[in-house]
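Engineer: Below, each chain spelled out in residue letters.
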Amino acid sequence: MKNRVKVLRAEHNLTQADLANAVEVSRQTINAIEKGKFDPSLILAFKLSEYFSKSIEEIFEYGK
Amino acid sequence: MKTNEWQLQKHKNLKLLALWTIGWMLSMALITFGPVYLWNDGKILTLSAFVLNLGLGIGMIISNRNYINGADELEKKMTFDAMAIALGVGVIGGLSYSALEKSSLININADISYLVMLIAITYLIAIVAGKLRYK
Chain A
833 MKNRVKVLRA EHNLTQADLA NAVEVSRQTI NAIEKGKFDP SLILAFKLSE
883 YFSKSIEEIF EYGK
Chain B
7 MKTNEWQLQK HKNLKLLALW TIGWMLSMAL ITFGPVYLWN DGKILTLSAF
57 VLNLGLGIGM IISNRNYING ADELEKKMTF DAMAIALGVG VIGGLSYSAL
107 EKSSLININA DISYLVMLIA ITYLIAIVAG KLRYK
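As given, the protein sequences belong to chains A and B, one line each in that order. Okay, so the first sequence: first residue is 833 according to the working numbering, each after it adds one. Okay, so the second sequence: first residue is 7 according to the working numbering, each after it adds one.
Hints may contain errors.
Using 27 angstroms as the maximum straight-line C-alpha spacing, the simulated DSS-like pairs for lysine-lysine come out as follows [said to hold, decoys possible]:
#1 B:K49 with A:K869
#2 B:K141 with A:K838
#3 B:K16 with B:K82
#4 B:K82 with A:K869
#5 B:K137 with A:K879
Simulated from the structure, these hints should not be mistaken for lab results. A quick note: this is a predicted structure, and the numbers were derived from the prediction, not measured.
In isolation and in its complexed conformation, chain A is listed as follows (with noise of 0.2 angstroms):
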């Protein structure tokens, strides 16, 4: 799956400690999705959506 959380993430000029902190998670789990190596959950994925002010698809594009 396919995202976008590196490019807002960087538009709103956040490391990834302070992105991974406001959404409850670690630093590496920020860090192994924006790589494309870990999917987050649908709870991850609708804070990050609450987060960037974005609708999930937005964020995330399902691709095989």
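Given the coordinates of chain A, assemble chain B onto it according to the supplied hints.
Structural biologist: Just chain B now, with coordinates in the frame of chain A:
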């Protein structure tokens, strides 16, 4: 960066798990060596040590469950992957050893502690591999 409630709870869970584990290990040493070196096979004291060991063991299990429940989703995934591998290696390794021993292909007297060590080492390696994989 401010440490939030979630991280504080996670650290608290980890400290509790460490304390329960240390307590359980000490009680394990007590029940193993106590009857021989401390109270000369006294049944009441051995039974007391057993009850203490069991109680601390139950506390450690609950504490471990709380720690895993409090971890974030990637940490949970790494833990479950490591547990699956450790359990698999333990079952396969244990049963394979048993089969080889019954068929007299090997003659090594293995203790249950070897199986525990195998599971623990496999779990540690799997956790490190998971950390490196999602680095």
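Engineer: None of the hints should be skipped; say for each whether it holds.
Structural biologist: Hint-by-hint comparison with the structure:
1. Distance check on the hinted pair: K49 of chain B and K869 of chain A sit about 56 angstroms apart at the alpha-carbon level, beyond 27 angstroms; violated.
2. Restraint check for K141 of chain B and K838 of chain A: the C-alpha separation of about 16 angstroms stays at or below 27 angstroms, so the hint holds.
3. With a C-alpha separation of about 12 angstroms, the suggested pairing of K16 of chain B with K82 of chain B holds against the 27 angstroms cut-off.
4. A distance of roughly 15 angstroms separates the Cα atoms of K82 of chain B and K869 of chain A; the hinted pair therefore holds under the 27 angstroms criterion.
5. This hinted pair checks out: K137 of chain B and K879 of chain A have alpha carbons roughly 24 angstroms apart, not beyond 27 angstroms.
Figure legend: structure checked against the earlier numbered hints; the only hint not met is number 1.
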